[in-house]
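**Q** Sequences and hints are given; from them, build the entire structure.
Chains A and B are the protein sequences, given in the same order.
Taken in order, the first sequence gives residues 1 to 203; the numbers are from my numbering.
Taken in order, the second sequence gives residues 1 to 333; the numbers are from my numbering.
Everything labelled a hint here was simulated from the structure, so no lab data went into it.
Careful: at least some of the hints might be erroneous.
[Unchecked claim] Below, a list of computed lysine to any residue pairs in the SDA-like style, where the Cα atoms sit at most 25 Å apart: (1) A:Lys121 x B:Gly98; (2) A:Lys121 x B:Asn143; (3) A:Lys92 x B:Asn143.
[Said to hold, decoys possible] Stretches of chain A that chain B covers, calculated by requiring three or more beta carbons in the stretch to come under 8 Å of a beta carbon on chain B: (4) 49 to 61; (5) 74 to 84.
[Claimed, not checked] Here are some chain B residues the structure puts well away from chain A; computed CB gaps all over 10 Å: (6) His23; (7) Ser84; (8) Ser85; (9) Leu121; (10) Thr131; (11) Gln141; (12) Pro199; (13) Arg291; (14) Glu312.
Keep in mind the model is a prediction, meaning the values are calculated, not measured.
Built from N, CA and C at the ideal position, the CB exists for glycine as well.
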Amino acid sequence: MQSGDLRARLTATLTVLIESADELRDLDAQLGDGDLGITVKSGSVAVIEALSALEDSATPTDIARASAKAFANANPSTMAALVAGALLAGSKTWADTTDVTVADARAFTAAAADNIAQRGKTQLGDKTIYDGLAAVAESLRGPTDAGSAIDAAITAAADAVERTTPMQSRRGRASWLQERSVGIPDPGATALLRFLEAWRSAQ
Amino acid sequence: MRKIINTPEAFVDEFVEGILLAHPDLVTTPGDDARVLVRADAPVAGHVGIVTGGGSGHLPLFKGYVGAGLCSGVAIGNVFSSPSSEQIFEATKAVDGGAGVLYLYGNYGGDVLNFDLAADLADLEDIPTATVLGRDDVASQPNERKLDRRGVAGIFFAYKAAGAAAERGDSLEQVAAIAEDVVEHTATMGIGLAPTILPTTGKPSFELPDGEMEIGIGIHGEPGIRRGPLETADEIADHLVQPLIDDLGLTSGARVAVLVNGLGATPLEELYVLFRRTHQILTEQGITIERRYIGEFATSLEMAGASISLLELDDDRLALLNAPARSPFFGEG
Chain A
1 MQSGDLRARL TATLTVLIES ADELRDLDAQ LGDGDLGITV KSGSVAVIEA LSALEDSATP
61 TDIARASAKA FANANPSTMA ALVAGALLAG SKTWADTTDV TVADARAFTA AAADNIAQRG
121 KTQLGDKTIY DGLAAVAESL RGPTDAGSAI DAAITAAADA VERTTPMQSR RGRASWLQER
181 SVGIPDPGAT ALLRFLEAWR SAQ
Chain B
1 MRKIINTPEA FVDEFVEGIL LAHPDLVTTP GDDARVLVRA DAPVAGHVGI VTGGGSGHLP
61 LFKGYVGAGL CSGVAIGNVF SSPSSEQIFE ATKAVDGGAG VLYLYGNYGG DVLNFDLAAD
121 LADLEDIPTA TVLGRDDVAS QPNERKLDRR GVAGIFFAYK AAGAAAERGD SLEQVAAIAE
181 DVVEHTATMG IGLAPTILPT TGKPSFELPD GEMEIGIGIH GEPGIRRGPL ETADEIADHL
241 VQPLIDDLGL TSGARVAVLV NGLGATPLEE LYVLFRRTHQ ILTEQGITIE RRYIGEFATS
301 LEMAGASISL LELDDDRLAL LNAPARSPFF GEG
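**A** Here it is in structure tokens:
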């Protein structure tokens, strides 16, 4: 995928993702402080604006970095800082890439997942967005074309949400609820799933 | 809520404006955002910059320690809230003199995330950074989990030593190592007698029944080790100082710097009563006080209470403490 397509697709995806803001807010209100809705909504609006301000010559790396900065500053929550750090870590794997392949997407996602694990001091099974990201990175090992890659990614992300729902949250505010978190889908992992679904429907 | 403010929303911006108007010779804002402040002569070419930051409500922390021989820049957030990564990054760019930038701030989750993200942004512009966290509050975690402790008043010692090292031209690695060494040898414990009222919510920062005190309290009113009836000043000093001696493993012949810090509403007289007993305890155990600092260094708005910090000294650390420094709230030499 070339830079221009990436920008257009990302803009369309985030426009769709904003529709999930209320669902994510309600989910997060059960487990955390409920600010995930506003983080996703104001973050998406800010990224769309930042992308439209980029020069035509912007590379995929420039796009990822501009997105990270905009997302971090829109609503400076913990989640926003973690996502922005993950995007910056991912952008480093692209270096001079001009045409993003499935393999590039996998390298980006794996670096993003590692960054979140490190910054958020989280492990698999803690019931966070990291469970989803790690599964998505893994799912991108097989497919080579974009269509089957996004299908595999959505299946992996949905499976991660489903798999961790019966678990107890072990990181962040959600962990304070202890056993009361059992049975509620993780808002971060759900946000990732909604992003991927939006990516597919936005084409 | 009886406070000398105009509106709760304008409180932070207006006290910052006041600092800028009072000390234009010492500090300035590099851009449009007054939440970012740097020393007036920043960047100092060839020298390591030191950026600190955190929530408002702790003056002289954090803005008060920006100046020669101390921190080079600061980003502050709303009351008890982290500054944004963008603000930290702006301070970073403004103080980078080509020798890299040290991030030196207290160990709190939101601050760590935003400083780490600012470090990512700095990395993209080829500004090397290093990070050292203040984590001196012995009441917040036992010694075996000391890396998870929160940072309180004792960070002043790290500012002073790292600032002196940057001023004399040490490399980023050296300045970071000195800051880490000082943090490693600093221990603090505090006591709370009455909460502050948060300007935006009008709510107290914590609840404490009349006649009680919280031993081991944090600078946002975080609970400490235990709560009990208010005791005499000497008993309070005993409760605060002995755990510090034990934590640092100080024995007869050790040398220390002492910081007796008021949390906002406690008068200087009471701090000197605490210092009197602190001096007795240390002297009885054969520990020599080389430097003493008594006053407000890290507050929690008008919270009543105090903290005591000890820094174990060697000749290197003492020389760095004694080096000249000048900022709006602290001067030396």
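**Q** For every hint, state whether the structure bears it out.
**A** Hints, one by one, checked against the model:
{"no.": "1", "hint": "A:Lys121 x B:Gly98", "result": "violated (32 Å)"}
{"no.": "2", "hint": "A:Lys121 x B:Asn143", "result": "holds (21 Å)"}
{"no.": "3", "hint": "A:Lys92 x B:Asn143", "result": "violated (38 Å)"}
{"no.": "4", "hint": "49 to 61", "result": "violated (count 0)"}
{"no.": "5", "hint": "74 to 84", "result": "holds (count 5)"}
{"no.": "6", "hint": "His23", "result": "holds (28 Å)"}
{"no.": "7", "hint": "Ser84", "result": "violated (4 Å)"}
{"no.": "8", "hint": "Ser85", "result": "violated (5 Å)"}
{"no.": "9", "hint": "Leu121", "result": "violated (7 Å)"}
{"no.": "10", "hint": "Thr131", "result": "holds (12 Å)"}
{"no.": "11", "hint": "Gln141", "result": "holds (15 Å)"}
{"no.": "12", "hint": "Pro199", "result": "holds (20 Å)"}
{"no.": "13", "hint": "Arg291", "result": "holds (36 Å)"}
{"no.": "14", "hint": "Glu312", "result": "holds (29 Å)"}
The structure is inconsistent with the numbered hints 1, 3, 4, 7, 8, 9, although it conforms to all the rest.
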